Amino acid sequence: MKFKILKALDVAGLQVFDPVVRLICGENPPEQFRKILLFIGIPIITFLIFIGIWTYLAPRHTTKAGEVPTPGVVKNAADGIWVFHVRENQKAEDFLLEGPAREKALAGVQARIAELTPLASAARTKLGELETASKSQIDQQVGPLQEKYNALRKQTRADEKAREEALIAQADSLPIGDAKARDAFLAKVSEHEVKSGTEKQALKDFKSTIDAAYADKFPEMESVRIQYNAYEEELQYLSKRLDYLTEGNQSVKISEGQSELVDLQSAFLTAEGGKATLKAAEKVLKQEESIARIAESSYSRPWTFPRQIVRSVACVFVGFFIGSAIAIPLGVLCGISRVFMAALTPLIALFKPVSPIVWLPIVFIIVGGFISDPETAFVHPAFLSSAITVALCSLWPTLVNTALGVASVEKDHINVARVLRLGFFSRLFKIVLPSALPLIFAGLRISLGVGWMVLIAAELLCSSEGIGKFVWDMFNNGSSQTFAQMFVVVFVVGVIGLLLDRIMIVLQRSVSFDGAPTAI
Amino acid sequence: MKRIIVNTAAALALSLSPAYADLDLEKDELKFGFIKLTDCAPLVIAKEKGFFEDEGIQAEVIAQPNWKTLLDNVINGNLDGAHMLSGQPIAATIGIGTQANVITAFTMDLNGNGITVSNSIWEEMQYNDPALDTPTPKHPISADSLKPIVKEKLDAGEKLQMGMVFPVSTHNYELRYWLAASGINPGMYTESDTGGRTDAEVELSVTPPPMMPTVLEAGNIQGYCVGEPWNQQAVVKGIGVPVTTNYDIWKNNPEKVFGVTQEWSDANPNTHVAVVKALIRAGKWLDEKDASGNFVNREEAVRILSQPNYVGADYDVIKSSMTGSFTFQKSDVRSMPEFNVFFDDYATFPWYSDGIWFLTQMRRWGQINEAKSPTWYLETVMKVYKPDIYLHAAKLLLEEGLIEKSEVPWDSDGFKPATDEFIDGVVYDAHDPIGYLNSHKIGNKDPAGLTAN
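Residue numbers (UniProt numbering), protein chains in the order written: chain A, 1 to 520; chain B, 1 to 453.
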């Protein structure tokens, strides 16, 4: 049992938990504790130190564009993204609710609205009061400063003008051709200019104290503002839910449509005259059609981050499979035939370093040429373009590794195959590929990692729904949450990249006969 | 010329057959694109307040990464229609950039842009013109006090750098207009210079709106012209100072339009009318006022727009320009009820005269690189602006009692009266595009009396 678990952990690339299992089984506890400390304790400590440094440094680095978010702020942003997702799901669900379930939800929403409305209006009043208070405080601070500044500015300008006039007067009496006097005058002018410069600077410095007064922060007001905005946002969401539970609800719309249909049908039954009857018949059919349409319709849900993640993962796998489907056969051919290798080498060398940003527009045009009507297309062209870009950028490691793996099959194995007089295909599938598999999978693992990195850029550029689009949209929002949302993306991308890598490690190990140890 | 239009307008009004009364949609699941700017509001509101649903349309409203991609997506059919810069359908139709027949039957809003300069430029401007050095300087602020700075830079062998959002955007033309009104040459486009920097005293470059504050802070540009919320963002973050809005440059100028391709409109005529109906209602909802003239729905609109899948900026930032005021400096919050106009003053009607203004600017700065005749201006704009579709939609709304008769210019010939409400006071009469071109000091001038081409 113990060895089975240990073996499973080993194959899954989770050797770090090895000592935990051994400890539970009571095998040499001191040794296991030491290992746990080393393989689990130290990484956790490193991570905590990292968080600590981050928490310490973040508030100390502010630019005008924004502050570096602390871990707490990032957590809030992640919560915000999640709340948005949950709320959109709730709306979609509300749209489809019917019967008692709908009424129950409706009652819940109404109760919550009744509860929130007074809270929101109280917060609003409070906010208004605080805003007036803070404004008058700023005015009080700024008023005298501004007066002082105005006086100072007037004085400075008057001084400058006076000096200038004095200089002009002096210049008037300068003897022509007297180099010495003129030099002295030059020095005076330069002195005047320096003085003007310092005065201007002093004025500027004074002004910045005024600006500082405007930049005063009022923490209480800010917290009330956040609270008020949270109430109002929820109210907005609830009013939308209310709509989807009443007029906007599918079942409500259908029953309204049906009652109209009954009227139209009875009108059709009693219609007289050819023209009127035809018209009534048409109306009945149209109403039936519209009911059928409503019955099929669904809430048009915006893309939320969790759904975008799923789509990104799907996209990277599609691209990865396209890439592998090209890279593995080509790699095998390159490994088998020196001629083929020589023929492909320049192409590989040429295309390998090309950036995804260059591939994308080219792919976009080519894909667009094949898909003329995106409405009816099997896949969305933007999705396909991103996937193909991923494929083009990620196939190289697999190709090179496959070629290498195939070329370096042990001579003994080949000789055995010769002795057994195996045909080409049996030689390929029984000897060459199995022994090349570990290297091929090592290549695939790198490819998937590259693909995942490339995908974000590709999605961002061709606005295919996915993590890349999320990044660009949130950046475009330019809200106070933007930076924190970017940090959330960093973690999500990192964790998914890690998982993808682990999956590939498991695959790689399962095809290696020797159980060759893989790097972390 | 005028008579021709009057006749066509009358003919169009008559051709509104009752068959349209009950719109038979060709397509009911539509995708619309928008750029994250507050003036996408009519599209978002029409969806969120259920105006599209009332027309039987299931609409998806999708953010686009930039104006170029947005236009490409409309042309290749990924999107059914989109929130576009006023210049985009015109430029696409005459083949500046991507060539395609893009038309518009609905103007989304008036005004809504601002010109922001960096703090240090603002300080120098204040130094050059002491009248600006007060907490609430007098408006409009022209580029006169900027001129010495430009000269100084030129003497030092540098050029002031400013940002705008797209070569055929309203921002480009407004910024050029503002600079040229004070005698600063913003540069000309020529056949070989598609960057528009020939003879420039101030160099303009394209920067995506969300990047503007960042690039300004980094010092790559010293000022920019952009829509909201990116001017207010600069104030909130203390990066720059908005000096003027396009309301002062040209009072009630058309800003964004709702654009679709000609092919789409031909294939889905009823759907197009239904969409315009929903958008008109959204515009009206946005501009609804109470008895004392305060907007009643704007706060709700701002709440909706601040959702992350729409504009997504902070509620308070969007609110500062959309609820009837504009923050120039922290000390200078002004009431500007007309900063964004979504419906009043016949705002949503697709005026031929608005389109012609953009054509004159494209010619003035050399994007159209040969002289054109007045008839060409008119014919081109009639290819792009489709008041007949607007009037269809309006008529149906009137029948349903959703708008007032006085809210639509029913008998207009498509031309607004000549106006001199520009920052430099030059009179613009859309009937005489050549005369208008020639009345400016800086920019291309064309011989009058051209009849060919």
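Check the hints yourself; a few may be wrong.
Below 25 angstroms or equal to it, Euclidean Cα-Cα: the simulated PhoX-like pairs (lysine-lysine) are [as the list claims (entries may be wrong)]: (1) A:Lys-195 - B:Lys-153; (2) B:Lys-27 - A:Lys-279; (3) B:Lys-27 - B:Lys-395; (4) A:Lys-148 - B:Lys-138; (5) A:Lys-207 - B:Lys-251; (6) B:Lys-445 - A:Lys-286; (7) B:Lys-31 - A:Lys-207; (8) B:Lys-383 - B:Lys-395; (9) B:Lys-405 - B:Lys-289; (10) A:Lys-104 - A:Lys-253; (11) B:Lys-405 - A:Lys-200; (12) B:Lys-147 - A:Lys-204; (13) B:Lys-251 - B:Lys-445; (14) B:Lys-153 - A:Lys-279.
Calculated from the structure, these hints are not laboratory results. Since this is a predicted model, take the numbers as computed values, not measurements.
Hint check results:
1. A:Lys-195 - B:Lys-153: It holds: about 22 angstroms lies between the C-alpha atoms, which stays within 25 angstroms.
2. B:Lys-27 - A:Lys-279: holds (22 angstroms)
3. B:Lys-27 - B:Lys-395: Roughly 21 angstroms between the alpha carbons, so the hint for B:Lys-27 and B:Lys-395 holds.
4. A:Lys-148 - B:Lys-138: holds (21 angstroms)
5. A:Lys-207 - B:Lys-251: violated (33 angstroms)
6. B:Lys-445 - A:Lys-286: The given pair, whose Cα atoms are some 58 angstroms apart, is violated under the 25 angstroms limit.
7. B:Lys-31 - A:Lys-207: Not OK: B:Lys-31 and A:Lys-207 at ~51 angstroms, beyond 25 angstroms, violated.
8. B:Lys-383 - B:Lys-395: holds (22 angstroms)
9. B:Lys-405 - B:Lys-289: holds (18 angstroms)
10. A:Lys-104 - A:Lys-253: Satisfied, since the Cα-Cα distance of roughly 18 angstroms is no more than 25 angstroms.
11. B:Lys-405 - A:Lys-200: violated (60 angstroms)
12. B:Lys-147 - A:Lys-204: holds (21 angstroms)
13. B:Lys-251 - B:Lys-445: holds (24 angstroms)
14. B:Lys-153 - A:Lys-279: violated (75 angstroms)
Going through the hint list in order, the structure does not satisfy hints 5, 6, 7, 11, 14.
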